[in-house]
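Residue numbers for the sequence shown follow this note's numbering, so the first one is 1 and each next one is one higher.
Warning: the hint list may mix true and false statements.
As the list claims (entries may be wrong) - Pairs of lysine to aspartate or glutamate residues, derived as EDC-like cross-links and limited to a Cα-Cα distance of at most 16 Å, are as follows:
id : residue 1 : residue 2
1  : Lys83     : Asp52
2  : Lys35     : Glu110
3  : Lys39     : Glu76
4  : Lys13     : Glu105
Keep in mind the hints are simulated off the structure, nothing from the lab.
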Amino acid sequence: MQAVQFNRINVMKLLFLTLCAGIMIFLPSSTEFKKHSLKGKVMFDAHEVAPDATVSILKADDKSLISSGISNVSGEYSFGQLKPGKYYVAAGTFGNPLKVVGPIEVKETEKVTIVPPIVVSRPANDGGPVIKTTRISKPLTNKSLKIT
Numbered sequence: 001m002q003a004v005q006f007n008r009i010n011v012m013k014l015l016f017l018t019l020c021a022g023i024m025i026f027l028p029s030s031t032e033f034k035k036h037s038l039k040g041k042v043m044f045d046a047h048e049v050a051p052d053a054t055v056s057i058l059k060a061d062d063k064s065l066i067s068s069g070i071s072n073v074s075g076e077y078s079f080g081q082l083k084p085g086k087y088y089v090a091a092g093t094f095g096n097p098l099k100v101v102g103p104i105e106v107k108e109t110e111k112v113t114i115v116p117p118i119v120v121s122r123p124a125n126d127g128g129p130v131i132k133t134t135r136i137s138k139p140l141t142n143k144s145l146k147i148t
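Use the sequences and the hints to build the structure in full.
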């Protein structure tokens with residue numbers, strides 16, 4: 001009876017080791033699991049922090065958008081889950097053109113890549129978008145149209 005149980009244990013160990021070996025062979029390369037981050041700060045012309053600036057990260061090779069966000073109250077931003085490679089970082093404030101820096105290289109050997117401060121213009125003080133209102137003197141009524 002013990003010899004049968006001993007064989008079952010050996011078979012289970014062999015199956016387990018085979019399964020582990022199969023998983024190791026078919027898993028993607030280890031670089032897929034190593035995620036990196038990119039951090040930086042957005043500043044105004046007077047080198048004051050720029051809170052609520054729009055910040056985007058783009059792939060350097062095809063300029064496709066990876067992610068975008070808004071800087072915090074300290075002007076800081078962070079993008080995580082990046083693969084090693086080259087990226088552009090674009091930052092701007094309302095009513096002003098974006099300032100683009102890069103390419104910034106995210107290296108395999110560094111978990112966090114620090115981007116030099118991006119200096120942007122202050123938001124335009126024009127009060128934002130203008131919404132024009134019109135007063136209608138006649139009441140609106142439903143009218144039917146005949147289309148021929």
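These are the hints, each one checked on the structure:
Under the criterion of a C-alpha separation no larger than 16 Å, the hint pairing Lys83 with Asp52 is inconsistent with the structure, at around 26 Å. For the proposed pair Lys35 and Glu110, the alpha carbon gap of about 10 Å is at most 16 Å, so the pair holds. Distance check on the hinted pair: Lys39 and Glu76 sit about 7 Å apart at the alpha-carbon level, within 16 Å; holds. This hinted pair does not check out: Lys13 and Glu105 have alpha carbons roughly 45 Å apart, beyond 16 Å.
Going through the hint list in order, the structure does not satisfy hints 1, 4.
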